[in-house]
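Undergrad: Chain residues, written in single-letter form:
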Amino acid sequence: MDFFVQQIVNGVTLGSVYALIALGYSMVYGILKLLNFAHGEVYMIGAFIGYFVLTSLGGASSPMLPVAPLLILMFLAAMLGAGLLGVVIERFAYRPLRDAPRIAPLISAIGVSFFLQASALLLFSAQFRTYNTPQLIPFSTGLEVGPLRISLVRMLVIGSSIFLMLALTLLVSRTRLGKAMRAVSYDREAAAMMGIDVDRVIVATFFIGSVLAGAAGVMVGLVFERVFHFMGFIAGLKGFTAAVIGGIGNIPGAMLGGLLIGLAEAFSSSYISSTFQNLIVFGILITVMLIRPTGLLGSPVLKKV
Amino acid sequence: MPRIGTDEWVEQQELRTEYYTGLTAPARRAFDRVGPGPRFFAFLGICALFPFLTDSPFLIRVGVNVLLFALLALGLNIVVGWAGLLDLGYVAFYGFGAYTYAWVSSGQFDIHLPTELAILIVVTASALLGLLLGLPSWRLVGDYLAITTLFFAQIFVELTTNLDRLQLPWMDEPLDLTGGPNGIPGIDRMQILGIELPGVRDYFFLLLIVFALVVIGLYYVNESRTGRGWRASREDPLAAELMTTPVNRLKLLAFAMGAAIAGLSGSIFAAVQTGVFPQNFEVVLLIMIYAALILGGAGSISGAILGAIIVASVPEILRTPENARFLFYAAAIAVLVATMRPWQRLAVVVGAVVAFGVVVYQLVALAWPEGVEGETAGGRFSGLLGSWMVIPAENQELIGNIAFVLLVAGVLALTQLRGDARVMLLVPTLYLASFVWENRLIAQPSVTRQLLFGAILVAMMTRRPHGLLGTPRVENPV
Amino acid sequence: MAALLELREVSKSFGGLAVMSRLDLHLDEGEIVSVIGPNGAGKTTLFNLVTGIYRPDGGDILFDGKSIVGKEPHRIAQLGIARTFQTLRLFLNMTVKENVMAATYGNTKARVWQSALRTPFARREEREVDALAEEKLSFFGKRLIGYRMEQPAYSLSYANRRRLEIARATGTSPRVLLLDEPAAGMNPVETHEITELIGQLRDQGGYTILVIEHDMHVVEGISDRVVALDHGEKIAEGSFEQVATDARVVEAYLGAKAVREGKAAE
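Chains as they are written, first to last, in this note's numbering: chain A, 525 to 829; chain B, 5 to 482; chain C, 31 to 296.
There could be a bad hint or two in this list.
Unchecked claim - Cβ-Cβ distance ranges computed for the label pairs, FRET-style: (1) A:Gln651 <-> B:Leu53: 39 to 49 Å; (2) C:Thr117 <-> B:Trp347: 47 to 57 Å; (3) B:Val368 <-> A:Phe754: 34 to 44 Å; (4) C:Thr117 <-> A:Ile815: 25 to 35 Å; (5) C:Thr117 <-> B:Ala34: 42 to 52 Å; (6) B:Asn399 <-> A:Phe754: 25 to 35 Å; (7) A:Pro662 <-> B:Glu377: 42 to 52 Å; (8) B:Val339 <-> C:Gly46: 54 to 64 Å.
Stated by the list, open to error - One side only, chain B facing chain A, incomplete, derived with CB under 10 Å: (9) Ile446; (10) Ser450; (11) Ile460; (12) Arg477.
By construction, these hints were calculated from the structure, which means they are not laboratory data. All C-beta atoms, glycine included, are put in the ideal place defined by N, C-alpha and C.
The task is simple: from the sequences and hints, build the whole structure.
TA: Next up, the structure:
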């Protein structure tokens, strides 16, 4: 029973991270009908930024700041850095291809993803870095409620994810920017004709999506500690799977998809086999794609002939 | 660029009446007159001479790689260039062909089929797999198809890495299907029509023959109803369907043919390498094949070949610092020559870069002597860099990294500037590029390669989507 | 004699919106019938249903006496129904001749391996397709032949692109042509040419033609019969004069007030 509950905790933790990454994919797809393959790399850079902030302030073993401000600083730096990176990518790799056939920005995105991975390899080398979280926040601190044992780090991760997702939902549903984002995702031309600055809305979308990915990067660094140049690829694929399963372009869908993938991964790696956990996740995706291509919460797209 | 409703043929009438002038005129006129057939055979002839021009087995192996790449690019061209489908799992067919050949021609299961039969099995199995993986294209379009195929490729890597300990319930010992991360070594050499193929040179000629047959076959297929069907499906699938073209069936055919070619190449690759390993078939290779096709020009047979030649030879040239350095500066000059007109402007820029470098060198030498005492990778021309290129002795890596970031920023900024401002920024940016090259990249060929291919994809799609030899396309207003 | 093309009580809805309600329509061999009606009346939907893009929710569609409901669009096209589009949908990056040649796919048989090896059969079929394309293109006079045949389709002028669209449809060797607003965007001279062309298509080409048109000059000039639709229902059918002055048709186009003001016939 303990084990089972533990897997749920793992699953929810993983799921929150995947949900944050998935949101970036979903938002960008909703607004541009583009699969931003480079999104995983943005997450990776976020993780590295968090790492460098941590080590430049003394590292986990001898931090110069108390834990809370240190963490906040890491998060802010990673989120901001990731956000800026996302904006730059949009500006130079996607904007020129706004009206090109769909294949073009996809290939460009693949190129960006590859370039970023290689850049990270060049700048940071292939060496694995570690956040060394237990030195900062001992694993023993945490909550114990019956069979549920959840460390402080994981609570932090889940909590901040929920906070960010709530903030996003409020942004999309209550603010003018959110309304503009929804309008642009329905019909870009009509939105432009209604006086919405489409370019700005798109930049904002990329920024927000990348900010979330950056936060996810720091969270993964805190929970799983290992940071390396290739981490964006697999996490990106899974975040992407989550977005598609939930219905790409759909924000609650991304959250749901993330949670499902996180739980699936936690349970399949512990109960079935950790070797094949990726395969299982991909298998789920392919099944969903073939049965219900628009995802669990997505809506079918009507095309006028 | 082409525009809808404008008759370019009429507009370019004047240009058309200008003949080639100068020394190369007769050659160029002859080239125009001669059709694609003779041109291709001339090209084949040059290729056939290649193994006799060198004794080094390494170089011939490079030639083999180039031909393999060309076959892969040609196969991908069917799916992406002609049928317009985004298949991100293509490299899995290559791997599947290699592993299938390994299964029937090695000690893994102790099956040693005659080569002809093995190849037949490989090609058929690959085509069937292509059909299978193409099935999602029936229901999915564009992005969704890209995702699904990408996942198939991932699944392939996972399977090949992990299927060495498959514990089936009715078996005592785990089944080793793929040799896991260590792959399957000891693959038989091929034997075609009784002729043994022991050496690299033999495989080169085998590949050359296969290559020639594939190119000729594809050329004719493209000119036939199938080619038209693919192109019509790419232009407007709905209209094509209503004009009697069974679009879905043609998509499957494209997948199957592309897969068959990839599988065939995979089998020859396995025989040449005498072993297959999961690392041979990773995403890097997929990116390279795409880079080759996009660079050369998707939709064009000659484009696929040219792109493959470039992309396959670059990593080899980057291996040794001398060659790499030569390639870097030659490529830089080539790009400048191709993009800067008139001659005077180009000379000014090159001169300015040299002067800039010398000045910077002197300044750095004065202010911080260790800054210029470092060493760069040796080889030809490294002496020439003497008083021009700043090579720090300390913190080389850190400075180089910072320079790299600045370089990327500079290049991005350059795309936004025009005229004199652009030229002014170009000079320090070029120097910075050389700096990053000499201090960081020259010693890291694999990273350089990856940076290059990623950059090629982005640059090509944003600047010249039809590649070097493709024709510019007009897009249907949606 | 049974009709060549027949719709029996065909209905279609999208979500809750009924775009077609129990429509009866027939087309006899050799006829030219025009379909008119205000925007949203269901005219293009009619074409989409006949060509198999949509599947009717109710009723049946018969071609040459046999039901074609549920058949794939390319099969229906092969059986002999071809169409043009309201917004042109040419294969812009293919040459003019290739556009027409591409339309012969379903009526040709060369397999991939035969094309790759250039067997005599494949070569012969290719020559036939080539000749057929030239023949269909020369129907339009000098406009689409000569050097133009090797030019990419995007280089043609608007009117020529409209003509190519029709030429391409004839490349499928159809029995029925569905022309969706063939005169859209044309000036009076071109419109007149189109009117004559449609007649020639029937007289010389032998095609049975169903036309959607807004330009009443064209409708008047070509039609053996006119059918008026509104909100997915047939509201009038008959000769041009009968339909043009029918009270319901006037009301659909001009509003009830026009009827009261006496625009309709008694």
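Undergrad: Kindly confirm whether 54 to 64 Å is satisfied by the beta carbon distance between valine 339 of chain B and glycine 46 of chain C.
TA: The hint (54 to 64 Å, Cβ to Cβ) holds, given that valine 339 of chain B and glycine 46 of chain C are roughly 60 Å apart.
Undergrad: Can the hint on isoleucine 446 of chain B be confirmed by a CB-to-CB distance to chain A that is less than 10 Å?
TA: 12 Å, violated
Undergrad: Mind checking the hinted window 42 to 52 Å against the Cβ distance between proline 662 of chain A and glutamate 377 of chain B?
TA: 48 Å, holds
Undergrad: Given the hint of 42 to 52 Å, is the C-beta distance from threonine 117 of chain C to alanine 34 of chain B inside that range or not?
TA: Distance hint for threonine 117 of chain C, alanine 34 of chain B holds at roughly 45 Å.
Undergrad: If you check the beta carbons of threonine 117 of chain C and isoleucine 815 of chain A, does the distance land in 25 to 35 Å?
TA: For isoleucine 815 of chain A against threonine 117 of chain C, whose Cβ atoms are near 33 Å apart, the range 25 to 35 Å holds.
Undergrad: Does the hinted range 47 to 57 Å hold for threonine 117 of chain C and tryptophan 347 of chain B at CB?
TA: Check passed, 48 Å falls within 47 to 57 Å.
Undergrad: Is 34 to 44 Å respected by the C-beta to C-beta distance linking valine 368 of chain B and phenylalanine 754 of chain A?
TA: The hint (34 to 44 Å, Cβ to Cβ) holds, given that valine 368 of chain B and phenylalanine 754 of chain A are roughly 36 Å apart.
Undergrad: Is the gap between the beta carbons of asparagine 399 of chain B and phenylalanine 754 of chain A within 25 to 35 Å?
TA: Since the Cβ atoms of asparagine 399 of chain B and phenylalanine 754 of chain A sit about 26 Å apart, the hinted range of 25 to 35 Å holds.
Undergrad: Under 10 Å is the threshold here; is the Cβ of arginine 477 of chain B close enough to any Cβ of chain A for the hint to stand?
TA: 8 Å, holds
Undergrad: For the range 39 to 49 Å, tell me whether the beta carbons of glutamine 651 of chain A and leucine 53 of chain B fit it or not.
TA: 46 Å, holds
Undergrad: With a cut-off of 10 Å, does the beta carbon of serine 450 of chain B approach a beta carbon of chain A closely enough for the hint to hold?
TA: With a minimum Cβ separation of about 9 Å from chain A (threshold 10 Å), the hint on serine 450 of chain B holds.
Undergrad: Given isoleucine 460 of chain B was flagged as interface, is its beta-carbon under 10 Å from a beta-carbon of chain A?
TA: Given a least distance of 7 Å, the restraint on isoleucine 460 of chain B holds.
Violation of the numbered hints given earlier is confined to hint 9; every other hint is satisfied by the structure.
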